[in-house]
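Make a model of the complete structure from these sequences and hints.
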Amino acid sequence: MNFTLKVWRQNGPGDRGRFETYEATNISEEMSFLEVLDVVNEDLIRKGTEPVQFEHDCREGICGSCGMMINGQAHGPQRGTATCQLHMRKFKDGETIVVEPWRSASFPVIRDLVVNRSAFDRIIEAGGFITVNTGTAVEANTLPVPKAVADAAMDAAQCIGCGACVAACPNGAAQLFTSAKLAHLNLLPQGQAERWTRTEAMVETMEEYFGTCTNHGECETACPKNISIDFIAYMNRDYMKSKTANRKLGGQGLN
Amino acid sequence: MATLDAHIPEGPVAEKWESHRFNMRLVNPANKRRFDVIVVGSGLAGASAAATMAELGYNVKVFTFHDSPRRAHSIAAQGGINAAKNYQNDGDSVHRLFYDTVKGGDFRSREANVYRLAQVSVDIIDQCVAQGVPFAREYGGLLENRSFGGVQVSRTFYARGQTGQQLLLGAYQALMRQVGLGTVQLHPRTEMLDLVVVDGRAVGVVIRDLTTGEITSHSAHAVVLATGGYGNVYYLSTNAKKSNATAAWRAHRRGAMFANACYTQIHPTCIPASDEFQSKLTLMSESLRNDGRIWVPKDENDTRSAEQIPEDDRDYYLERQYPSFGNLVPRDVASRAAKRQVDTGRGVGPKKNGVYLDFADAIKRLGHDVIEERYGNLIEMYERITGEDPYKMPMRIYPATHYTMGGLWVDYNLMSNVPGLFVLGEANFSDHGANRLGASALMQGLADGYFILPYTIGDYLAGLLGQKAVGTDHPAFAEAQTGVQDQVKQFMGIGGTRSVDDFHRELGKIVWDRIGMERDRAGLEQALRDIPALKADFYRDLRILGDTTVNDSLEKAGRVADFFELAELMARDALHREESCGGHFRVEHQHEDGEAKRDDENFSYVGAWEWNGPDTPQTLHKEQLTFDNVHLATRSYR
Chain Z
90 MNFTLKVWRQ NGPGDRGRFE TYEATNISEE MSFLEVLDVV NEDLIRKGTE PVQFEHDCRE
150 GICGSCGMMI NGQAHGPQRG TATCQLHMRK FKDGETIVVE PWRSASFPVI RDLVVNRSAF
210 DRIIEAGGFI TVNTGTAVEA NTLPVPKAVA DAAMDAAQCI GCGACVAACP NGAAQLFTSA
270 KLAHLNLLPQ GQAERWTRTE AMVETMEEYF GTCTNHGECE TACPKNISID FIAYMNRDYM
330 KSKTANRKLG GQGLN
Chain V
94 MATLDAHIPE GPVAEKWESH RFNMRLVNPA NKRRFDVIVV GSGLAGASAA ATMAELGYNV
154 KVFTFHDSPR RAHSIAAQGG INAAKNYQND GDSVHRLFYD TVKGGDFRSR EANVYRLAQV
214 SVDIIDQCVA QGVPFAREYG GLLENRSFGG VQVSRTFYAR GQTGQQLLLG AYQALMRQVG
274 LGTVQLHPRT EMLDLVVVDG RAVGVVIRDL TTGEITSHSA HAVVLATGGY GNVYYLSTNA
334 KKSNATAAWR AHRRGAMFAN ACYTQIHPTC IPASDEFQSK LTLMSESLRN DGRIWVPKDE
394 NDTRSAEQIP EDDRDYYLER QYPSFGNLVP RDVASRAAKR QVDTGRGVGP KKNGVYLDFA
454 DAIKRLGHDV IEERYGNLIE MYERITGEDP YKMPMRIYPA THYTMGGLWV DYNLMSNVPG
514 LFVLGEANFS DHGANRLGAS ALMQGLADGY FILPYTIGDY LAGLLGQKAV GTDHPAFAEA
574 QTGVQDQVKQ FMGIGGTRSV DDFHRELGKI VWDRIGMERD RAGLEQALRD IPALKADFYR
634 DLRILGDTTV NDSLEKAGRV ADFFELAELM ARDALHREES CGGHFRVEHQ HEDGEAKRDD
694 ENFSYVGAWE WNGPDTPQTL HKEQLTFDNV HLATRSYR
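Protein chains in written order, with our numbering: chain Z, 90 to 344; chain V, 94 to 731.
In case anyone wonders, no lab produced these hints; they're calculated from the structure.
Pairs of lysine to any residue, SDA-like flavour, derived with a Cα cap of 25 Å: (1) V:Lys582 x Z:Thr138; (2) Z:Lys136 x V:Asp640; (3) Z:Lys236 x V:Arg230; (4) Z:Lys314 x V:Asn470; (5) Z:Lys179 x V:Gln371; (6) Z:Lys181 x V:Asp482; (7) Z:Lys236 x V:Arg467; (8) Z:Lys136 x V:Ala629; (9) Z:Lys136 x V:Gln583; (10) V:Lys125 x Z:Asn222; (11) V:Lys432 x V:Glu393; (12) Z:Lys136 x V:Arg636.
On a predicted model such as this, the values are computed, not experimentally measured, just so you know.
What follows is the structure, given as structure tokens:
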């Protein structure tokens, strides 16, 4: 197979950036999208052109490093699939493919397709945890967790933090990412003690960095882990409750 | 001349850790604030250690080359984590987990360390559950377990096929809590490129910022490396692309001994390579062997597709050769058997480089739905990668490098022979001997980080009470920084014709062919000629374009440079170890039936190598292993 790649090149956050066109020839349909970029880069190095910088690591869809807009779609055309797991058999021979970095002002471009997603870490830092110092835990089976609850928490906890939800959102909102972590922890009995403070802190930190959700649902479509926007509704409900629950007097005991 | 003392506490094995914890010195809470600790790496071991030390009150700095600690390769572990909880009431115990691990490691690990690992395994599960790790549950709400290769009890805790992810996120969240509290300073997108040693003690590191290219020095009272394994020396492996040995190797060059380099684990069930631009290999969990049957066509010229090959023309070679364990033989045995089929021309697939793993019988017996429930996510991943449907066609699998048991030598306190340098997780050599059992890597990473290092480092730091950390104005820091700068300049200045990946692929092929699943003297000697020759080409003909800021090729160049030296040590270690054990199989040392032939009389030791400079081979030091609690026996799975 042969492809024409239009790839976004940008030297740094201050650079205007531009598209460059590269040919990818003799591509096997067995190759992953990132392997095509590897081939293009090998070719560029041979020709003396600086290779395209892109983020990647595990290449099995779990680390969340990779991610790019492929023909305008976050992670490309295949549902529930990160860029590294996208294979060329999903494309037509001879196709022109447009490759851009995540589109969001909250994820400034570092170089080419590499962006800075550290705002996600700030949201987790604000409350995306259960406070339990090492060594203070009780025997694990003293706390039964209904299977349905554990399964729902796991559905939310699968988030790989890639940022596709933000990149796909016309508002650059991070509701899906934030709600996935909140739902994971707020659903579990272990997470109840900090439920309301966690919710308020994470949502408000999110709002410092990201846009506002207007229910387009693009995030769910782009998510490589198929995380449901139901969790956003759950987060919104908890956030409203947190506003009374976190009052110093009177709010305590609400759930 | 360096000496090796494992500092194993006195007393019966079951009481060593307890009495050691009492005998170690403590640092009082007010004094903990006065100690700085550097942690390199943010996987299970690094994140858990950093979070725990910060909770205790130490000042912690964490360096990771990822953009976020959550990306560390621990995240990709699929199967689960072992713990001796005996929740299934099936006869498990600390002693049995200890025994299984020593035996699985083919009697090449340290008894005292493994016993302690089994002891703290139960605390890990408690800690992770309290953090909110969503482990699989029974309908009654209690924790569920499954079984894994090489053992007869169900002691593996799991979170679907993403156990590593959930455990890492637990540790990452604990770490980020401390970052928010200001007790941990986090430095993402930074790479450690040298260890600084003053008066024989580790006192700091030199770091390159991967965004700006800036090279800086950082000092501390102790340095903790939790930087993972070196499987990527093979180029193709199940490791993440950026996993590398550089931090550990640079510490080795500063005096830390590197142990058992030849013990590498080749995992039997991975998706075979499809073309020369294959960038990595994908693991299919060991659990598939519970229901899949492995076979090849009897006739090497059979061109029929799998479903058209009748029963009589198939060779279920594992069931034939190992009637009692069948498809569930340990990883090393299954891998070698697959290699032999492919080597004799009976491989399957377009490149004849795999064997079939067939679910047809299991689907017939249990139904499509049961198989989907058990393995759905793996089957889906396989289909995404190969475009083939395992419900209709057998999977094609082949072994791939997965884990490295070797690593920096550490004593019982997880401290290397360089005082002040601690090494955790896959980066050290300590607990898995010559072969690691499934679901034990996560256990070891978290044991080291949550429950062992935070105690043992206190004992070391207590001895430094009242002393300031050596300042970064010490000439040793300037010297190390200059060395790093010079290397960057050197790579940028070669101006050759070949890319880093091109060299890495070629190196990987040598290592795979000569120091892979089977090794022999001639091949290893050949490797010791081929590797230096290729290394010389590398320094003559490497091409790095661009500048020294964001530059993937420049990052890789340093790592591949270290892989060259490490590959030589692997060959030397494999050459000197005239026996077969676990992942190290010397063709010259096998029983008549082709099974590994261990030599306990002469090789029951840890081989730790001391750096002698770039042009002189390392010196071997031996730490003798003694087995007082398990009976040395030949593993048999027939």
